[in-house]
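Protein chains in written order, with the numbering used here: chain A, 854 to 1246; chain B, 68 to 461.
The reader is advised that the hints may include incorrect statements.
Unchecked claim - Derived SDA-like pairs: lysine to any residue, alpha-carbon spacing no greater than 25 Å straight-line:
1) Lys941(A) / Trp331(B)
2) Lys339(B) / Met208(B)
3) Lys410(B) / Ala884(A)
4) Lys372(B) / Asn295(B)
5) Lys139(B) / Arg89(B)
6) Lys931(A) / Gly964(A)
7) Lys941(A) / Asn259(B)
8) Lys940(A) / Pro265(B)
9) Lys256(B) / Lys372(B)
10) Lys1020(A) / Met208(B)
11) Lys261(B) / Pro1183(A)
12) Lys921(A) / Phe979(A)
13) Lys940(A) / Lys151(B)
14) Lys261(B) / Leu332(B)
15) Lys151(B) / Thr959(A)
What the hints assert, rightly or not - A few chain A residues facing chain B, derived, Cβ under 7 Å:
16) Gly894
17) Val1005
18) Thr1006
19) Gly1010
20) Ile1035
21) Gly1044
22) Val1227
The set of hints was computed from the structure by calculation and includes no laboratory data.
Computed from a prediction, not measured in an experiment: that's the story for all the values here.
Quick reminder that beta carbons are idealized off the backbone N, C-alpha and C, glycines included.
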Amino acid sequence: MNKAWLVAVKDIRSFLTDRADLAYSLLLPIAIFALLYGAFGGHSSFSGTAYVVNDDAGGECARLLIEKLGEYKNLEVKVLAAAEASKKLDRSDITMVVVIPAGFTTDLVSGKKATLVFRQRGNGGFEEQIVANIVRAAAEDVAQDFRVIDQVTKAVGGKGITPERIKTTVQKFFKREKEHPIVNVQVEDIGSSPDPVGSFLPGILTMFVLFSLSINSRVLVEEKNKGTLERLMTTQLKTTELFIGKFLAGSGRGFIQVGILVGLACLVFGIFTPLTFLLALLISLTFSLAAGALGLLISSIARTEDQAIWIGVLATITMSMLGGTFFTAPEGSLLYTLGKLSVNTYANEAYRSIMAQPAILGNIIPDLMILIAVTVLALVLSWLFFRVLSKAR
Amino acid sequence: MTDRLALFFFVVFPFFFVILFRMMSWGNVDRRLVLHLATREQDGLSHMIINAIETKDTLKLEPGEPRIVWHKDYKEAEQAVLEKKIPGILVFPTDFTGSIYLGYGSDIKIMADPEAVNTKAALTGMARAICSGVIAQRVAMNAVVALLIENEMAGRESDDQIGKTIQKSFAGQADTSFTGSYINYVHEKVGNIKPVNPSNWLIPGYLVMFVFFAAALGAETIIRERQNQTLERLIASSVPKDAIVLGTFAGIMAKGLVQIAIFWLVGIFVFKVDIGPYPLGVIILSLLVVTMSAAFTVMLATLAKTQRSASSLSVFAALVLAPLGGCWWPLFVTPRWLQFIAKITPHAWATTGFNKMMLFGAGFGAVVPEMLALAGFTVLFGLVAIIRFRTDAV
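Could you put together the complete structure from these sequences and hints?
Given below as structure tokens:
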């Protein structure tokens, strides 16, 4: 067993002294986590596009409406020609177009009812319905001046008040309202806020540990193909000792990687108490054992370095996607069931369990037991292949 | 090409993810917008407003018209938001009517789940329209009163007449404020929404990622040949240095061309990808992706010293550039600042070009900037490669 430890220590030392490998093992997960956090972790806001066809070219009210829409934050306004809009609608490249018909301005100014047309596919699409809501609000704003003038004219009709006087008075009161509106809108968030660290961090940790170890499996394949392992066999090192040494090396490397990342997360985000930090290390150790065993299995199966890399990438990304790194599959769905086949699922669940609530070891025991079972199974399978290949030499 | 298992993985493997993503439910993208309203008043203006806009018969709703639901019990509605049963609600405060008529002012509140950004936008739009109506009514009343008082001062009206006019105006405006609009909204349905085919953005994203990834891993092979002095032997047999660079480049390109051909054929015939109205543009963009990836590989081979560092660098580059550049999710779902940063990656230009043509039906001219950017990256990588290319083993 001493020799197994020596093999492991040698490989781990090699990892720790290879600055490029170390940087890659630590920087890549940090970079991806930062990306995910930046892309999906903030308080995002609605973003939409209003496609407008303006058949009332030159119309002041049409221009005002398009200008008002442009003032909305996160609403992009694209004015299209009628033919282009029809073509895009036919192809379903867009699902709704707002058409300002000819005579829109004339109708509003003369006090008649103007028309605004929403040409759409189905209901227009969910986001486009929100855009339609915004368009209606903007249109009501534009029409409001004329509406009020019309109402006031009707109310004071026949009393010798001139239209110019009515318009001036209305405009004066509108100006006052704009400066001090009598009614405002206030938005309040209620309920629990999303926790991007809790959502993304476990998945990123498990993904990149598995990734490092599965990609590193190419090294063992390289050693096999170059004859390095064969030369080791001529020393007094037994196959079992070599096998265990490589397994310990892989698991140790994984544990160091995830341990550093968990430590960094603790320092930066303050998400762990001393107890939960220890539990996080326990989960990390168990997962590293499972990942190390899987890495060893890959190197036992692969015949060339390219195969090792591709199998490693396939295994990692599949397990990560099924394991809830980027999205959570709804319960009861096929993806949710398939997720049970991924080792990442259990590690991620364990991490989230200790991050979200007071730490209870009992909550994570089932997940840890499954990871240990996976470790044993992967070791048995890889020993089977490893031994066969060694015998073939 | 002789490593059939590796070949199998880099060609077939990406489609595995397409299948995985297609298994996800994307929800009904054309579900009708439902807006929830409540009031804390017992009676008054807020009741009048909600009553005027509430959906009484959902069967009479036009396509695209939102369904407005009035929650009579405000507390229950608030609890429903907290329990995430409804995403948000528009609430009139207790003293809304009094505050408006007495001129103190009031706030219409939107209470929503922090993640319900769409609901917040929809309710805010509705709240603004309501504010607009309330302000219009107030302006009208103030204008009527002001004009009538002016008339009285000019001796043309009596107090009694003014009172009757104002009363009539109140009643008339209450009827028209929130049911009547000066705009008639017409919904013209031109067809149904086609079901979402996620392959339309998945296939191009994974094409860019895996063509780049497979090419980048080729850097390891070049370094292996450098280290075992194959390249040096070629130079010794009078093969020009440029020919070696071009030959290497051509080999990587050939691999990429096979990949993109398989991607598009399988994508179109198996996953029913719609490549848009300008297939030539998609083909040109694909060729530029292959060329750029090949140039990157040759450049990487000149920067990395060992096979292991080449392998690590290529994986690092591929796995950082892919998500940043919109290969894992479309860039247009990310914040604008991230879309801006993504432009440092060739992947972002490639996926944006594909999305423009395949998702938004853009014309050839609209993707010229993306094509030029990819060509620019190719030239940049190629220049670095040519300048640094050497044949000595490290």
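Structure-based check of each hint:
1. Lys941(A) / Trp331(B): Since the Cα atoms of Lys941(A) and Trp331(B) sit roughly 23 Å apart, the hinted pair holds (cutoff 25 Å).
2. Lys339(B) / Met208(B): Violated, at roughly 60 Å.
3. Lys410(B) / Ala884(A): Distance of about 16 Å is within 25 Å: holds.
4. Lys372(B) / Asn295(B): Holds: Lys372(B) and Asn295(B) sit about 13 Å apart, inside 25 Å.
5. Lys139(B) / Arg89(B): Outside the cut-off at roughly 41 Å; violated.
6. Lys931(A) / Gly964(A): violated (28 Å)
7. Lys941(A) / Asn259(B): holds (14 Å)
8. Lys940(A) / Pro265(B): Since the Cα atoms of Lys940(A) and Pro265(B) sit roughly 22 Å apart, the hinted pair holds (cutoff 25 Å).
9. Lys256(B) / Lys372(B): This hinted pair is violated, its Cα atoms lying about 62 Å apart.
10. Lys1020(A) / Met208(B): Since the Cα atoms of Lys1020(A) and Met208(B) sit roughly 14 Å apart, the hinted pair holds (cutoff 25 Å).
11. Lys261(B) / Pro1183(A): OK: Lys261(B) and Pro1183(A) at ~24 Å, within 25 Å.
12. Lys921(A) / Phe979(A): Given that 25 Å is the threshold and the Cα spacing comes to 22 Å, the pair holds.
13. Lys940(A) / Lys151(B): violated (40 Å)
14. Lys261(B) / Leu332(B): Given pair Lys261(B), Leu332(B) holds - Cα atoms ~22 Å apart, limit 25 Å.
15. Lys151(B) / Thr959(A): Between Lys151(B) and Thr959(A) the Cα gap is close to 46 Å, so the pair fails against 25 Å, i.e. violated.
16. Gly894: violated (10 Å)
17. Val1005: Holds: closest Cβ of chain B sits about 5 Å from Val1005(A), inside 7 Å.
18. Thr1006: violated (10 Å)
19. Gly1010: Hint violated; Gly1010(A) Cβ to chain B Cβ min 10 Å, cut 7 Å.
20. Ile1035: holds (5 Å)
21. Gly1044: holds (5 Å)
22. Val1227: Status violated, d = 21 Å.
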